[in-house]
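Respectively, the protein sequence lines represent chains F and V.
Anchor point for the first sequence: position 63 equals 104 in the numbering used here, and the numbering is continuous, going up by one each time.
Anchor point for the second sequence: position 51 equals 92 in the numbering used here, and the numbering is continuous, going up by one each time.
Treat the hints loosely; a few may be bogus.
Any copy, or any two copies together, can satisfy a pair, since identical chains are not distinguished.
[As the list claims (entries may be wrong)] Each computed DSS-like pair below joins lysine-lysine, with the alpha-carbon atoms no more than 30 Å apart:
hint: 1; residue 1: Lys234; residue 2: Lys184
hint: 2; residue 1: Lys234; residue 2: Lys76
hint: 3; residue 1: Lys234; residue 2: Lys159
hint: 4; residue 1: Lys159; residue 2: Lys76
hint: 5; residue 1: Lys161; residue 2: Lys234
Derived from the structure by calculation, the hints contain no laboratory data.
One-letter residues, chain by chain:
There are 2 protein chains.
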Amino acid sequence: MNIAIIGAGNVAWHLAQALATVGQQVKAVYSRTPKSREDLASLLPGALPVASLDLLNVPVDVVLVAVPDAVLATVVDELHVQPGTIVAHTSGSQPLQVLQTVAGARTGVLYPLQTFSKSKQVDFSHIPLLLEAQDEQTLNTLKVLAGSLSSSVHVVATEARKHLHLAAVFACNFTNHLLGISQQILQEAHLPKELLQPLIEETVAKASQQDPYNVQTGPAVRRDANVLQDHLRMLQGHPRFQSIYELLTQSIQVQSSEDGLGKGQG
Amino acid sequence: MNIAIIGAGNVAWHLAQALATVGQQVKAVYSRTPKSREDLASLLPGALPVASLDLLNVPVDVVLVAVPDAVLATVVDELHVQPGTIVAHTSGSQPLQVLQTVAGARTGVLYPLQTFSKSKQVDFSHIPLLLEAQDEQTLNTLKVLAGSLSSSVHVVATEARKHLHLAAVFACNFTNHLLGISQQILQEAHLPKELLQPLIEETVAKASQQDPYNVQTGPAVRRDANVLQDHLRMLQGHPRFQSIYELLTQSIQVQSSEDGLGKGQG
């Protein structure tokens, strides 16, 4: 298929390259920032950087709008495409309807459920791609496009997709922040972060097989007051980490009371 | 070596079996609870369940005390061993000194940095084992014992070990709780938890290679007020999750301001 990519941020960056890799034709890359659109287009054989959202003279099958949620509506307002072109955004949190103002377009969503940083390559072949579309025909085209990228393609309506995105914030964004705090603690104690890697991998492996609430371990669920106090004392130089420690400890204890548990060791 | 295990909880359960597997001789298993000590001893060739902490008539080289931190001091008070026996606890948070009241013992620590649940088998061969001992000779014996279990053996003094344990609470216990919340959100939206697995694995893989603070993504670091408000609204039925969402969002934003970042997409 012939494709235009709107955006050159983390998602657009990896999605455009993944499309090119599987043989799709990315014809145009739009970004407000000249250097961004030129950098990305230079990585895609046959792609041109474009400075305008008026694509009436750019014949493509699909326009993928991969821009931050906060600017999506503004970008959509300025977007013009040839009649019958599919316009799909890549956002987990935005409804399909946000695209309805694009005149003559068939609208859809292609949300890659993954975290993207320019500094790290991503293998798309197993990334869940969540699709939604205004009609069956549009959905089928997006299925073909998504299926060329990944073996994990799912049709998910707006409300469910928003819940997936919310769950992803807890499982990815918040987890990443905790891993950052954990590494900072190690660094300040002059300990190598590699020591925690087997523990982190086991935590994640266990959570994929069992209900994490049922396998909760540590001083919070054991209600080990001495250790909890000791940890808060050790965090005295980091009031922000203390607040997080207290709130998550409390939440673990409430959860385990509700579940009738409370015996994690380890 | 001939070994006695004190405790039959998650840590004792897996440690004792791992020792037996590599050919160490677990001779005795103590637990207050008859069924617990009998269940564990029955899995260890040649091991006897014992009902008393008086081990003066039980000739072993090493006594491993794997009990919850909150009862460690009490157990140690009642423990009697033959002179020259090594007594080592397995706690991340307790000092070596907690063992000094055991008459005639040589004291040490063997802390397996891992999360243990009885319901899940654990491969010890790469688990970091953190050692401390009162003297070089004791340390060398513990090194041999630990080395028979794992290729990752480290000597770490009490203060550093406590910081490792604190970091592990953030990286494992708190992360596990967030994964639990995330699965609950999916469940309530009738979505399969498998959808999040590639995202979680990528988050952890990225954190092992880069500073998590530098690769933070999501609506918090993007300061996407609309999405943040929408998520808090979706969590209205779960005030506890709302508080966690707000505090971690705030912490991510403070961190990214301090680091001079603020542009994560995905």
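Each hint, compared with the structure:
1. Lys234 to Lys184: between (41 Å within a copy, 22 Å between copies)
2. Lys234 to Lys76: neither (36 Å within a copy, 39 Å between copies)
3. Lys234 to Lys159: both (23 Å within a copy, 27 Å between copies)
4. Lys159 to Lys76: Only inside one copy: lysine 159 and lysine 76 sit 15 Å apart there, 55 Å across copies, limit 30 Å.
5. Lys161 to Lys234: both (19 Å within a copy, 25 Å between copies)
When held up to the earlier numbered hints, the structure conflicts with hint 2 and nothing else.
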